[in-house]
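*Asks:* Single-letter residue listing:
2 protein chains.
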Amino acid sequence: MHYKFAALFFIMENIRTSIVTIGDELLIGQVIDTNSAWMAQELNKIGVWVHRRVAVGDVWDEIWQALDEESAMSDVILITGGLGPTSDDITKPLLCKYFAGAMVMHEETLAHVSYLFEHVFKRPMPLLDVNRKQAEVPDVATVLKNYVGTAPGMLFEKNGKIFISMPGVPHEMKGIMEKHVLPLLKQRFALPYIGHRTLLTVGIGESFLAERIKYFENSLPQDIKLAYLPNYGMVRLRLTAQGEKEATEKKLDETFAILKNEVKDVLAVDEDISFEILLGKLLKQKNKTVATAESCTGGYIAHLITSIAGSSDYFKGSVVSYANSIKENVLHVSNETLASVGAVSEETVKEMVKGVLNVIQTDYAVAVSGIMGPDGGSEEKPVGTVWMAAGNAQKTETKKMHFRFSRKRNIELTAINALYLLCMFIKNDS
Amino acid sequence: MHYKFAALFFIMENIRTSIVTIGDELLIGQVIDTNSAWMAQELNKIGVWVHRRVAVGDVWDEIWQALDEESAMSDVILITGGLGPTSDDITKPLLCKYFAGAMVMHEETLAHVSYLFEHVFKRPMPLLDVNRKQAEVPDVATVLKNYVGTAPGMLFEKNGKIFISMPGVPHEMKGIMEKHVLPLLKQRFALPYIGHRTLLTVGIGESFLAERIKYFENSLPQDIKLAYLPNYGMVRLRLTAQGEKEATEKKLDETFAILKNEVKDVLAVDEDISFEILLGKLLKQKNKTVATAESCTGGYIAHLITSIAGSSDYFKGSVVSYANSIKENVLHVSNETLASVGAVSEETVKEMVKGVLNVIQTDYAVAVSGIMGPDGGSEEKPVGTVWMAAGNAQKTETKKMHFRFSRKRNIELTAINALYLLCMFIKNDS
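Residue numbers (my numbering), protein chains in the order written: chain A, 135 to 564; chain B, 135 to 564.
It should be emphasised that the hints constitute simulated quantities derived from the structure, not laboratory data. Careful, some of the hints might be misleading.
Said to hold, decoys possible - The following label-pair restraints were derived from C-beta to C-beta distances:
| hint | chain 1 | residue 1 | chain 2 | residue 2 | range |
| --- | --- | --- | --- | --- | --- |
| 1 | A | Lys422 | B | Ser512 | 19 to 29 Å |
| 2 | A | Met239 | B | Thr276 | 52 to 62 Å |
| 3 | A | His466 | B | Lys420 | 22 to 32 Å |
| 4 | B | Arg266 | A | Gly235 | 35 to 45 Å |
| 5 | A | His466 | B | Lys422 | 19 to 29 Å |
| 6 | A | Ala473 | B | His536 | 40 to 50 Å |
| 7 | B | Glu470 | A | Ala443 | 24 to 34 Å |
| 8 | B | Asn469 | A | Pro516 | 39 to 49 Å |
| 9 | A | Ala473 | B | Asn492 | 18 to 28 Å |
Owing to the predicted nature of the structure, the values given are computational and were not obtained by experimental measurement. All residues carry an ideal CB built from backbone N, CA and C; glycine is no exception.
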């Protein structure tokens, strides 16, 4: 499966990669696997495709079988999890046996574990046997130092295949990937360049979009792939190509320009960025500030905005007015409005924008009020009804929406759509 | 691998299950797979263990091979994804060929698709060919109606193995699982009862905890499994057993009582619930209300609290005081405090609690202020430094913490620890 092809000026290798995750917690659903997505993204950036991901429990035979199968299909097998200090973690002894090694104390790792316990974790107690065991490794492994944790990464080779074992704790895995695995793969293989172009459309369903760009899709060159990624009621379109960097980029740019033109009336963003990142870019360009007034989203919009590093440059604060008394007393929504048309109304979100602009003193603001469920709906205003408004001191734009999903998803959809309304308001504000 | 064992009064089957997820977006990391965790949890509740999870791309041979492999190992193969209307979705034609069927129009599904477009999606345009195609199914499939989407679920049987294909859109998959798959598995198999007991410890590392309960662990009956689930600097302990319901529950209760006693000084919660759920329980018991004053978490604590249905009974609102001017003008933190000891200080979070109790008028409040990174740290207050306070009108409890991770994780850790501080304050408040 490991094939090479030579072009005029470069040699390129397509290596097959599998990710094997180990741990009962993944199979009973106690933990959501976010590691694999991060690993795939980082691998992709250096030209490595993940072909398969397999999750197995802390079960000797299942892990063994997964290693057999994946190494029959892939060149690189990345393994996460099962390296903890407790007895349900069997990955290290298994790897030792799988690669016919013997367990030995790795003195450098032991010194590192001791250092961590003394200076970082600040545990007053002496090292336990289980802690010392963290520093043992099979003598057939190359140790990959885990700077932020006690379980080292380990590299094995067998029949020309590379196996790398890492802890499942996300920031420990990330450290080992960044410090060791990604540089190692770049050095070992002549990797192809993989390029993507992504845009986001709003207001058109996947099938209508597909119908619209059918001709474009059918006339795509064979080496450019188009994917539809629907989410939050919006559809992302992604073009992907691989090859020599400069030629790939050029081809993608040309094709992307055509695609953008095909969808120009429903195009929201021509980058693969979230609305909270777009918001930051727009506000920094204009040197303006923003605040949020949130009822039904309960602070989630503010959270999205502040999840971006550097957001304190343009985000000043938020009033989460869950109770109507806060809408009245802090945001100064009028009692008449609340009594006559209710909290979930166009008038209320308009007054919330005005109120929060005054209280927090920003250039722009966004406000939402709605019914997220599962209870609280009425015939007139069923669960999922949301009013949102974006505005500045001069004017306000409002929108009514209706979502039909779970509470969690209704909150997410409300936040994303409110950020979209806000971004478009700021973009069009001259 | 499909084995049965008979006990005196019941017959129990341990069925092996695999989850196969299909889609390039999962392999390039554009989407995090939350479906599998949900499916595993729901299956677990009815006594079905997931043994393997495999993710493959939208590639004919890879999907085919995954079906071959998983059906060689498992009795039930649950497949999600690849059923969309666009040309990168190849799962349905592949399944048609795999099970040697012929594609036919399923009239009931066609009527449902038409209904959805007209009345739910409210698309004015007539059905496109691709929409009609959504209603085609292999004639060898049993159709499982998808009430909230256009792609139907499909059930196939081959060599005694059950294959079920569902769309990858989370709420569509969930609908088909709840309406069809779970009832069907319960009806088809005599499933064992699976019971769990989970508790959460705070303030002790995984290895020290393991050392502490070594004797307990070694003397566990063979049919009870203990797992350590470290997360957010806390460690969950989970006991699992399966068998006949009543006996299993009794055995788990007895063992859990012993475990709770072993860890009583570090025990935070003896249920598998989050702090935001615990907070709701405590406040409802006491018939009290709460507010948050958030600087560095930017509304994330309020979001966690309001992610719980019914939280409007006890959560009134929040002031997200990202800029110091909001701390002063809205929360009335004194200018002297901010000028002398700064925003990240014990005094500031104490004044934030007092301020938000006044502004939002609640019984309890929690406040946080810190530096989440990647920038903004200093020698004296490095990135990751956080002060938090929980209190009521009479008294306030404070805590200083230091986190060493990414911005995202620092925010999460701050929020979780602040909720813990708040819960313990309320619990101990008489």
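*Asks:* Confirm or reject each hint.
*Replies:* Structure-based check of all given hints:
Distance hint check: the CB atoms of Lys422/A and Ser512/B are about 28 Å apart, consistent with the given range 19 to 29 Å. A hinted range of 52 to 62 Å for the beta carbons of Met239/A and Thr276/B is consistent with their spacing of about 58 Å. Checked against the hint of 22 to 32 Å, the pair His466/A and Lys420/B passes, with Cβ atoms roughly 31 Å apart. The hinted window of 35 to 45 Å between Arg266/B and Gly235/A is violated, with their beta carbons roughly 59 Å apart.
For His466/A and Lys422/B, the Cβ-Cβ distance of about 27 Å falls inside the hinted range of 19 to 29 Å, so the restraint holds. For the pair Ala473/A and His536/B, the supplied restraint of 40 to 50 Å holds, since their beta-carbon distance comes to about 49 Å. Between Glu470/B and Ala443/A the Cβ separation comes to about 30 Å, which falls inside the hinted range of 24 to 34 Å. A beta carbon spacing of about 47 Å between Asn469/B and Pro516/A agrees with the range 39 to 49 Å that was offered as a hint.
The hinted range of 18 to 28 Å is satisfied by Ala473/A and Asn492/B, whose Cβ atoms lie roughly 25 Å apart.
In this structure, the one hint that does not hold is number 4.
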